[in-house]
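As given, the protein sequences belong to chains A and B, one line each in that order.
So the first sequence is numbered by my numbering: it starts at 1 and just counts up by one.
So the second sequence is numbered by my numbering: it starts at 1 and just counts up by one.
By construction, these hints were calculated from the structure, which means they are not laboratory data.
Ideal Cβ placement from N, Cα and C applies to all residues, glycine included.
It cannot be assumed that every hint is accurate.
Below 30 angstroms or equal to it, Euclidean Cα-Cα: the simulated BS3-like pairs (lysine-lysine) are [claimed, not checked]:
no., chain 1, residue 1, chain 2, residue 2
1, A, K126, B, K130
2, B, K94, B, K68
3, A, K104, B, K130
4, A, K127, B, K119
Non-contacting residues of chain B with respect to chain A, defined by C-beta distances greater than 10 angstroms in every case (computed) [said to hold, decoys possible]:
no., residue
5, G62
6, T75
7, D109
8, K130
Covered by chain A, according to a simulated footprint, are these stretches of chain B (three or more residues, beta-carbon under 8 angstroms) [what the hints assert, rightly or not]:
no., stretch
9, 95-106
10, 117-124
11, 132-138
12, 143-149
Next come the chains, spelled out residue by residue.
2 protein chains.
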Amino acid sequence: MDDQNGRERNDFRLSRRTEDYLEAIYCLSRERGYTRVKEIAKYLGVKPASVSEMLSKLASRGFVVYEKRLLVSLTPEGRMVAECVRERREILVKFLVTLGVPEKIAEEDACIMEHILHKETITQLKKFVKFVEESPADPMWLNHFKEYCESGVHPCLKVE
Amino acid sequence: MDDQNGRERNDFRLSRRTEDYLEAIYCLSRERGYTRVKEIAKYLGVKPASVSEMLSKLASRGFVVYEKRLLVSLTPEGRMVAECVRERREILVKFLVTLGVPEKIAEEDACIMEHILHKETITQLKKFVKFVEESPADPMWLNHFKEYCESGVHPCLKVE
DNA sequence: TATATAATTTAGGTATGCCTAATTGAGTGT
DNA sequence: ACACTCAATTAGGCATACCTAAATTATATA
């Protein structure tokens, strides 16, 4: 009934870890079209044995093409999932960076958030990022916000 | 090395579920100073048996006062943790609501985010919420953003 | 007080995911 | 062709966290 383990809050989503693996494979196989156990293990910071196990599961669910001991690649379905995950993540990074979170931390937190937030939340964050991007020139308020972050005082309040 | 299971990304933080339980107990025992297995189970949407197990762990770690079959309450330490978690959460809800996420979803996602984001991220979100709150009158850009959400066009671009 | 009912706990399982150690397999060099 | 090495897989375990069913214990009512 929870999402600590495999199943997510809503049943449409894959487990966080499943998404992580798909995204990793997606990134790693971008250029050549394939990747391998060792690379995935390094990318995700786990041991090859764990990757091996997970790949069997992913293959049986139709997300990757994988014959034991051979190279790994995504099926069209796996690619679709990975792209969604990736897109969510990129938006989140931009968003957090806009708000002044250091890039590196933004990356990490985005990676976590992408897996677990409702689509409504992602939608709003996406809109926000676009809103900022589409703003003509530098949005004044953003500068104000940055100033506020540094000084701790809202610029509009100290206009004397 | 991961955080799917017990241990979190950084070692200071308790597992997500541990925090959930502490927060639940905190909420439920606010008025009377104590709560009970059944209530916690209902609050978290798990079975009493699971709560029972978890309480033993929480007690052995010094977060709750709990003698089998009796009422449950937080130790000062448990309360401290719960309060931190709670504060993080409230900020997140405010933040998401500001960005137009429906209240109910904001609550849920906040509950998830609170457990896993870096403190730097929380800090920035907190600042952002404060920034908005301390803005004199209605911040223009927020209205613009709302308009943008509805129309899909940045108001500043269609000023003719 | 005795008994019925409600609350808890225990026992025994499940699933995810990760790890180590031991094996298996495949490609390379001699 | 054989041995070496490195990659990948299997086997056996661990921890978290949940569940169901069965056994307890408490409480409330007749």
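Count the residues of the stretch 117-124 of chain B whose Cβ falls closer than 8 angstroms to any Cβ of chain A, and tell me whether that reaches three. Since 5 is at least three, the answer is holds.
30 angstroms limit on alpha-carbon distance, applied to hinted pair K94 of chain B and K68 of chain B: violated (38 angstroms)
Tell me if the straight-line CA distance from K104 of chain A to K130 of chain B falls inside 30 angstroms. holds (24 angstroms)
Compare the distance between the alpha carbons of K126 of chain A and K130 of chain B with 30 angstroms, and conclude whether the hinted pair is satisfied. With a Cα-Cα distance of about 22 angstroms, the restraint between K126 of chain A and K130 of chain B holds, given a limit of 30 angstroms.
Given as non-interface: D109 of chain B, which should sit over 10 angstroms from chain A by C-beta: Violated, because the least Cβ-Cβ distance between D109 of chain B and chain A comes to about 5 angstroms, which does not exceed 10 angstroms.
Quick one: see if chain A covers the stretch 143-149 of chain B, three-plus residues with Cβ-Cβ under 8 angstroms. It holds, with 4 qualifying residues against the three required.
Are three or more residues of the stretch 132-138 of chain B within 8 angstroms, CB to CB, of chain A? holds (count 3)
Could you grab the alpha-carbon distance between K127 of chain A and K119 of chain B and see if it respects the 30 angstroms cut-off? holds (24 angstroms)
Just double-check T75 of chain B for me: nearest Cβ-Cβ distance to chain A has to come out over 10 angstroms. holds (24 angstroms)
Could you check that no beta carbon of chain A comes within 10 angstroms of the beta carbon of G62 of chain B? holds (22 angstroms)
Quick check for students: does the CB of K130 of chain B sit more than 10 angstroms from each CB in chain A? violated (8 angstroms)
Report holds or violated for chain A covering the stretch 95-106 of chain B, Cβ cut-off 8 angstroms, minimum 3 residues. Check passed, 7 qualifying residues.
The structure does not agree with the numbered hints 2, 7, 8 stated previously, though it agrees with the rest.
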